[in-house]
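Visitor: Sequence:
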Amino acid sequence: MENNTLQIEQIMNALSKSWSLESSSKWSKDNPAKGQCGVTTLVVNDILGGEIKKTKLPDGWHFYNIINGKRYDLTASQFGEDILYMDIPSNREEAYKDTNDKQYNYLKQTVSINLDTFFNYGCLS
Numbered sequence: 001m002e003n004n005t006l007q008i009e010q011i012m013n014a015l016s017k018s019w020s021l022e023s024s025s026k027w028s029k030d031n032p033a034k035g036q037c038g039v040t041t042l043v044v045n046d047i048l049g050g051e052i053k054k055t056k057l058p059d060g061w062h063f064y065n066i067i068n069g070k071r072y073d074l075t076a077s078q079f080g081e082d083i084l085y086m087d088i089p090s091n092r093e094e095a096y097k098d099t100n101d102k103q104y105n106y107l108k109q110t111v112s113i114n115l116d117t118f119f120n121y122g123c124l125s
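The working numbering applies: residue 1 is where the sequence shown begins, and numbers increase by one.
Just so you know, not all the hints are guaranteed correct.
To be verified - In silico DMTMM-like pairs for lysine to aspartate or glutamate, Cα to Cα no more than 25 angstroms straight-line:
1. K17 with D30
2. K34 with E94
3. K108 with D30
4. K56 with E93
5. K26 with E94
6. K34 with D87
7. K97 with D46
8. K108 with E51
9. K102 with D46
10. K97 with D59
11. K17 with D101
12. K102 with D59
13. K26 with D82
14. K17 with E81
15. K56 with D101
16. K29 with E9
17. K34 with E93
18. K102 with E22
19. K26 with D59
20. K26 with E93
21. K70 with E94
For the record, the hints were derived by calculation from the structure and aren't laboratory data.
Here the structure is a predicted model, which means the values were calculated and not measured.
Given the sequences, and given the hints that come with them, work out the whole structure.
Guide: So this is what it looks like as structure tokens:
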């Protein structure tokens, strides 16, 4: 669905402007997506719904979204190699174990502000 693709691009843009040390203690300028998978998956799930899936990686579980049957891993850029996705069913509770209230509330609010800016200031024709 093209509409989903457009929404994902807008959300990805808002996320890239929002990720910081406030949303993950592993964040860095060189790798802004690092440590953001749980909190990002939750915020995307808040906005678009869908399913939460996980894959086991050497450093632990990695979370991402399935929306209308399509996988969206908006934090894949944190890894230097391709991911072999297992698409193991997960849920909000498991993804939340990868974050905390402060990080989640910060990212949700900041993404919302960045999306509002996108829609309210003529970025969409």
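Visitor: None of the hints should be skipped; say for each whether it holds.
Guide: Consistency of the hints with the structure:
1. K17 with D30: Given pair K17, D30 holds - Cα atoms ~14 angstroms apart, limit 25 angstroms.
2. K34 with E94: Holds, at roughly 18 angstroms.
3. K108 with D30: Holds. K108 to D30 sits at ~22 angstroms (cutoff 25 angstroms).
4. K56 with E93: Cα-Cα ~17 angstroms, so holds.
5. K26 with E94: holds, 19 angstroms
6. K34 with D87: holds, 20 angstroms
7. K97 with D46: holds, 16 angstroms
8. K108 with E51: It holds: about 18 angstroms lies between the C-alpha atoms, which stays within 25 angstroms.
9. K102 with D46: Cα-Cα ~16 angstroms, so holds.
10. K97 with D59: Roughly 15 angstroms between the alpha carbons, so the hint for K97 and D59 holds.
11. K17 with D101: holds, 20 angstroms
12. K102 with D59: holds, 23 angstroms
13. K26 with D82: holds, 20 angstroms
14. K17 with E81: Holds, because 24 angstroms separates the two Cα atoms, which is no more than 25 angstroms.
15. K56 with D101: Holds. K56 to D101 sits at ~24 angstroms (cutoff 25 angstroms).
16. K29 with E9: holds, 21 angstroms
17. K34 with E93: holds, 20 angstroms
18. K102 with E22: With a Cα-Cα distance of about 8 angstroms, the restraint between K102 and E22 holds, given a limit of 25 angstroms.
19. K26 with D59: holds, 13 angstroms
20. K26 with E93: holds, 21 angstroms
21. K70 with E94: holds, 20 angstroms
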